[in-house]
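S.K.: Using the sequences and the hints, build the whole thing.
The primary structure of each chain is shown beneath.
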Amino acid sequence: MDKYDVIIIGGACAGMSAALYTSRRALKTLVVTTTIGGQLALTTEVENYPGILSVTGPELARKLKEQAEKSGAMIKIGQALDVIKAEDGYVIKTSIGDFEAKAVILAFGLKQRQIGVPGEKELTGRGVAYCATCDAPFFKNKKVGVVGGGNSAFDAAEYLSRIASEVHLFVRSDKYRAEQTLVNAVQQAKNIVIHNYTDIKEFIGSNKLEKVMLVNNQSNEKSELALDGVFIEIGWESQTKKIGGVADLVKLDERGYVVVDNQSRTSTPGIYAAGDVTDTPFKQAVISAGEGAKAAMSAAKYLQQLTGVGGSEELRPDWVNAKRK
Amino acid sequence: MEIKFTDANFDAEVKNYTDGPVLVDFFAPWCGPCQMMAPIIEELANEVAGTGIKVGKLNVDEEQAKAQDYGVMSIPTIIIFKNGQAQETLVGVQDKDSLKQKLESLK
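Chains as they are written, first to last, in our numbering: chain W, 1 to 325; chain Z, 1001 to 1107.
FYI, nobody ran anything at the bench for these hints, they're computed from the structure.
Fair warning: there could be bad hints in the mix.
Unchecked claim - So these bits of chain Z aren't anywhere near chain W, every CB distance computed over 10 Å:
(1) 1004
(2) 1006
(3) 1019
(4) 1059
(5) 1067
(6) 1095
(7) 1104
(8) 1107
Unchecked claim - List of simulated lysine to any residue pairs, SDA-like, C-alpha gap at most 20 Å:
(9) W:63 to Z:1009
(10) W:63 to Z:1093
(11) W:93 to Z:1096
(12) W:142 to Z:1086
(13) W:208 to Z:1088
(14) W:140 to Z:1030
(15) W:283 to W:56
(16) W:76 to Z:1016
(17) W:242 to W:142
(18) W:142 to W:131
(19) W:63 to Z:1069
(20) W:142 to Z:1070
(21) Z:1102 to W:97
(22) W:76 to Z:1046
(23) W:121 to Z:1045
(24) W:208 to Z:1086
(25) Z:1096 to W:98
(26) W:76 to Z:1096
(27) W:76 to Z:1045
(28) W:140 to Z:1063
(29) W:63 to Z:1088
(30) Z:1100 to Z:1046
(31) W:208 to Z:1038
(32) W:140 to Z:1002
(33) W:93 to W:208
(34) W:140 to Z:1086
Please read all numbers here as calculations on a predicted model, not as lab measurements.
Even for Gly, the Cβ is constructed at its ideal location relative to N, Cα and C.
M.R.: Right, dumping it as structure tokens:
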């Protein structure tokens, strides 16, 4: 089994930033991740990352990866399956093999929420979609639906109204969480119909999506609507309970977020967490990057006390080391 | 090197190819998840070079006919062909090793 000082689960802002910091401390670092960039890679323009005027999400994600690799981190694409306490640290079981580390940093962020109704999984990629900017062009002059009541749903509806012939927006209540300017744009678009108090109960189609079963959650009245595509934009959710062992090893809050202290420590020594996976109330690229660095430095400190790896001397700020060279 | 599939070369490169499996990544340059897939496809193509396995990409922004024929409605979509027949369709970002395993099992 390959052994590392630190294994980081997740390869977006928090994970790559943590990898940069641990590998610069000469700690043998592995990043296991299903994506490069996570939510960031789905963002079109990023204009609020300090020091960078404007960059596309995928471009920033690629730079984070390059920088982590350049500093010595190993990055592997795979799904973490289990985190298991071992005698000398932790074993991470993944879809691409098992790895061992003395310290672990959880940085796997959030996953796009699914509705969880029949037909959704089967018809994903066959009419059911989760990325409007990616898949909208397939629905040129077609009839589409959008599910959700927040910014991403209203944004998707507005964007799709310029490509599709007809857009149906399904909102669970009559309260919209989207910004007023977006709500106005959607309400003014001639080809968008808003269905309040409406849930999708089933996606129906043999080889591709043909129609949806709708239910009015006030009257319980059911109806069917023929649609070529439906974009699901109902936000993001924690996946801490989907990776085995995480929920047993570290304390989670009621929403499934990892509880951390101000040094990115979880309730278990040797396990750290950073970014959207944690209970931080602010989900921002720059915050995740900062937390990744913090988690890395805490992990380095832990390893130094444990094994002396990462320098036998007390950890010093970078500028102190630089001056000595 | 990964192959650039087009509507024009699709029959020759994919449909009528019988020396091994062919992986086609339907993508568009603007799509974030497709950009995540790009380095994975490139590495995979290099790793299977010379084995009879073909790996390449088809830009659905430039050409839509084949994407439509195979019902591609989400990108990235990866379809693995063997003897011209679609064997497996995968939607979304995939990891390199499981793609490689699938290709090798179809050899």
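S.K.: Decide, hint by hint, whether the structure agrees.
M.R.: Structure-based check of all given hints:
1. 1004: Residue 1004 of chain Z is indeed farther than 10 Å from all Cβ atoms of chain W, at 20 Å.
2. 1006: Fine: 18 Å to the nearest Cβ keeps residue 1006 of chain Z off the interface.
3. 1019: holds (27 Å)
4. 1059: holds (12 Å)
5. 1067: violated (8 Å)
6. 1095: It is violated; residue 1095 of chain Z is separated from chain W by about 4 Å at its closest Cβ, not greater than 10 Å.
7. 1104: holds (15 Å)
8. 1107: holds (20 Å)
9. W:63 to Z:1009: With a Cα-Cα distance of about 34 Å, the restraint between residue 63 of chain W and residue 1009 of chain Z is violated, given a limit of 20 Å.
10. W:63 to Z:1093: OK: residue 63 of chain W and residue 1093 of chain Z at ~19 Å, within 20 Å.
11. W:93 to Z:1096: Holds, at about 17 Å.
12. W:142 to Z:1086: Violated, because 26 Å separates the two Cα atoms, which is more than 20 Å.
13. W:208 to Z:1088: Holds. Residue 208 of chain W to residue 1088 of chain Z sits at ~16 Å (cutoff 20 Å).
14. W:140 to Z:1030: Satisfied, since the Cα-Cα distance of roughly 17 Å is no more than 20 Å.
15. W:283 to W:56: holds (18 Å)
16. W:76 to Z:1016: violated (34 Å)
17. W:242 to W:142: violated (36 Å)
18. W:142 to W:131: holds (17 Å)
19. W:63 to Z:1069: Not satisfied, since the Cα-Cα distance of roughly 36 Å exceeds 20 Å.
20. W:142 to Z:1070: With Cα atoms ~18 Å apart, residue 142 of chain W and residue 1070 of chain Z stay inside 20 Å; holds.
21. Z:1102 to W:97: This hinted pair holds, its Cα atoms lying about 16 Å apart.
22. W:76 to Z:1046: holds (17 Å)
23. W:121 to Z:1045: violated (29 Å)
24. W:208 to Z:1086: The hint holds at about 16 Å.
25. Z:1096 to W:98: With a Cα-Cα distance of about 16 Å, the restraint between residue 1096 of chain Z and residue 98 of chain W holds, given a limit of 20 Å.
26. W:76 to Z:1096: Holds. Residue 76 of chain W to residue 1096 of chain Z sits at ~9 Å (cutoff 20 Å).
27. W:76 to Z:1045: holds (17 Å)
28. W:140 to Z:1063: holds (15 Å)
29. W:63 to Z:1088: violated (32 Å)
30. Z:1100 to Z:1046: holds (11 Å)
31. W:208 to Z:1038: violated (26 Å)
32. W:140 to Z:1002: violated (30 Å)
33. W:93 to W:208: Not OK: residue 93 of chain W and residue 208 of chain W at ~35 Å, beyond 20 Å, violated.
34. W:140 to Z:1086: violated (26 Å)
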